[in-house]
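**Q** So the chains spell out like this:
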Amino acid sequence: AQKITQTQPGMFVQEKEAVTLDCTYDTSDPSYGLFWYKQPSSGEMIFLIYQGSYDQQNATEGRYSLNFQKARKSANLVISASQLGDSAMYFCAMREAGGGFKTIFGAGTRLFVKA
Amino acid sequence: DVKVTQSSRYLVKRTGEKVFLECVQDMDHENMFWYRQDPGLGLRLIYFSYDVKMKEKGDIPEGYSVSREKKERFSLILESASTNQTSMYLCASRRGQAGELFFGEGSRLTVL
Chain A
247 AQKITQTQPG MFVQEKEAVT LDCTYDTSDP SYGLFWYKQP SSGEMIFLIY QGSYDQQNAT
307 EGRYSLNFQK ARKSANLVIS ASQLGDSAMY FCAMREAGGG FKTIFGAGTR LFVKA
Chain B
7 DVKVTQSSRY LVKRTGEKVF LECVQDMDHE NMFWYRQDPG LGLRLIYFSY DVKMKEKGDI
67 PEGYSVSREK KERFSLILES ASTNQTSMYL CASRRGQAGE LFFGEGSRLT VL
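Protein chains in written order, with my numbering: chain A, 247 to 361; chain B, 7 to 118.
There could be a bad hint or two in this list.
Stretches of chain A that chain B covers, calculated by requiring three or more beta carbons in the stretch to come under 8 angstroms of a beta carbon on chain B [as the list claims (entries may be wrong)]:
#1 290 to 297
#2 348 to 360
Computed list of chain A residues with no C-beta within reach of chain B, every gap over 10 angstroms [what the hints assert, rightly or not]:
#3 Ile250
#4 Gln252
#5 Asp268
#6 Gly279
#7 Gln302
#8 Asn304
#9 Ala305
#10 Thr306
#11 Gln315
#12 Ala317
#13 Asn322
#14 Gln329
#15 Ser333
#16 Ala339
Hints were generated in silico from the structure; no laboratory data involved. Glycine included, each C-beta is placed from N, C-alpha and C at the ideal position.
Assemble the whole structure, with the sequences as input and the hints as a guide.
**A** Spelled out as structure tokens, the structure:
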């Protein structure tokens, strides 16, 4: 069964340091997409980065990169040079080709950036 | 500016009431989704729709129904609200089968 696991309920990072948020997934579908979203305290969900299952290179978007290890079924988000504004909930999500292309989410990780 | 709009940010209802949550998107997206968000559980998919009048059950459809009469509008219906349906409800849309979701601001429902 398809599943997303985020094992870190909360994380602390010092401002300007890098942080890795863990995400593992489970699927039997060879075609899938992996996403990370940010949810600040204001509540809106913001798309950060996408990785396709057939993509050879890790995705990067500015300070965000996705460490995609297909054999391990992991898709960790790396935020470089953390900023105070990065304090938020972060959700890993997966979209499968099967099952109607629905998107499922993990439980989320709350990141706290310390000044 | 593209937008997903949810009709109510905050609602308070009584047990047994019928509740309608409305969602409208202006991006001409084929796919629309309803999730509920609870602390420690993340977002759980209730229902989704990939076309007008089409719907598919998500992971937690019990106690909910949906309606999609027009492409831009996807409604979530709680036929008889219960206290365990107190939650944040998020609507999202997506163009086609790939790509990211666009979310509304959420509707926080409290059932007393």
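**Q** Confirm or reject each hint.
**A** Hint by hint, here is what the structure shows:
A count of 4 residues in the region 290 to 297 of chain A with a Cβ less than 8 angstroms from any Cβ of chain B is obtained; the coverage claim is therefore met, three being the minimum. A count of 7 residues in the region 348 to 360 of chain A with a Cβ less than 8 angstroms from any Cβ of chain B is obtained; the coverage claim is therefore met, three being the minimum. Interface exclusion of isoleucine 250 (chain A) from chain B breaks down, the closest Cβ pair being 8 angstroms apart, not more than 10 angstroms. Look at glutamine 252 (chain A): its CB is around 8 angstroms from the nearest CB on chain B, not clear of 10 angstroms, so calling it non-interface is violated.
Listed as a non-interface residue, aspartate 268 (chain A) keeps its Cβ farther than 10 angstroms from every Cβ of chain B; the least gap is roughly 14 angstroms. Interface exclusion of glycine 279 (chain A) from chain B breaks down, the closest Cβ pair being 6 angstroms apart, not more than 10 angstroms. For glutamine 302 (chain A), the condition that its CB be more than 10 angstroms from all CB atoms of chain B holds, with the nearest at approximately 17 angstroms. Against chain B, the non-interface label of asparagine 304 (chain A) holds: every CB pair exceeds 10 angstroms, the least being about 17 angstroms.
Distance check on alanine 305 (chain A): its Cβ is at least 12 angstroms (rounded) from any Cβ of chain B, clearing the 10 angstroms threshold; non-interface status holds. Against the 10 angstroms criterion, threonine 306 (chain A) stays outside the reach of chain B, whose nearest CB is about 16 angstroms from its own CB. Taking the minimum C-beta to C-beta distance to chain B, about 22 angstroms, the non-interface status of glutamine 315 (chain A) holds against the 10 angstroms cut. With a cut of 10 angstroms on Cβ distances, alanine 317 (chain A) stays outside the contact zone with chain B, its closest approach being about 23 angstroms.
Non-interface call for asparagine 322 (chain A) relative to chain B: holds, since the shortest CB-CB distance, roughly 17 angstroms, exceeds 10 angstroms. With a minimum CB-CB distance of about 22 angstroms to chain B, glutamine 329 (chain A) clears the 10 angstroms threshold, and the non-interface call stands. Against chain B, the non-interface label of serine 333 (chain A) holds: every CB pair exceeds 10 angstroms, the least being about 17 angstroms. Residue-level check failed: alanine 339 (chain A) sits 8 angstroms from the nearest beta carbon of chain B, not beyond 10 angstroms.
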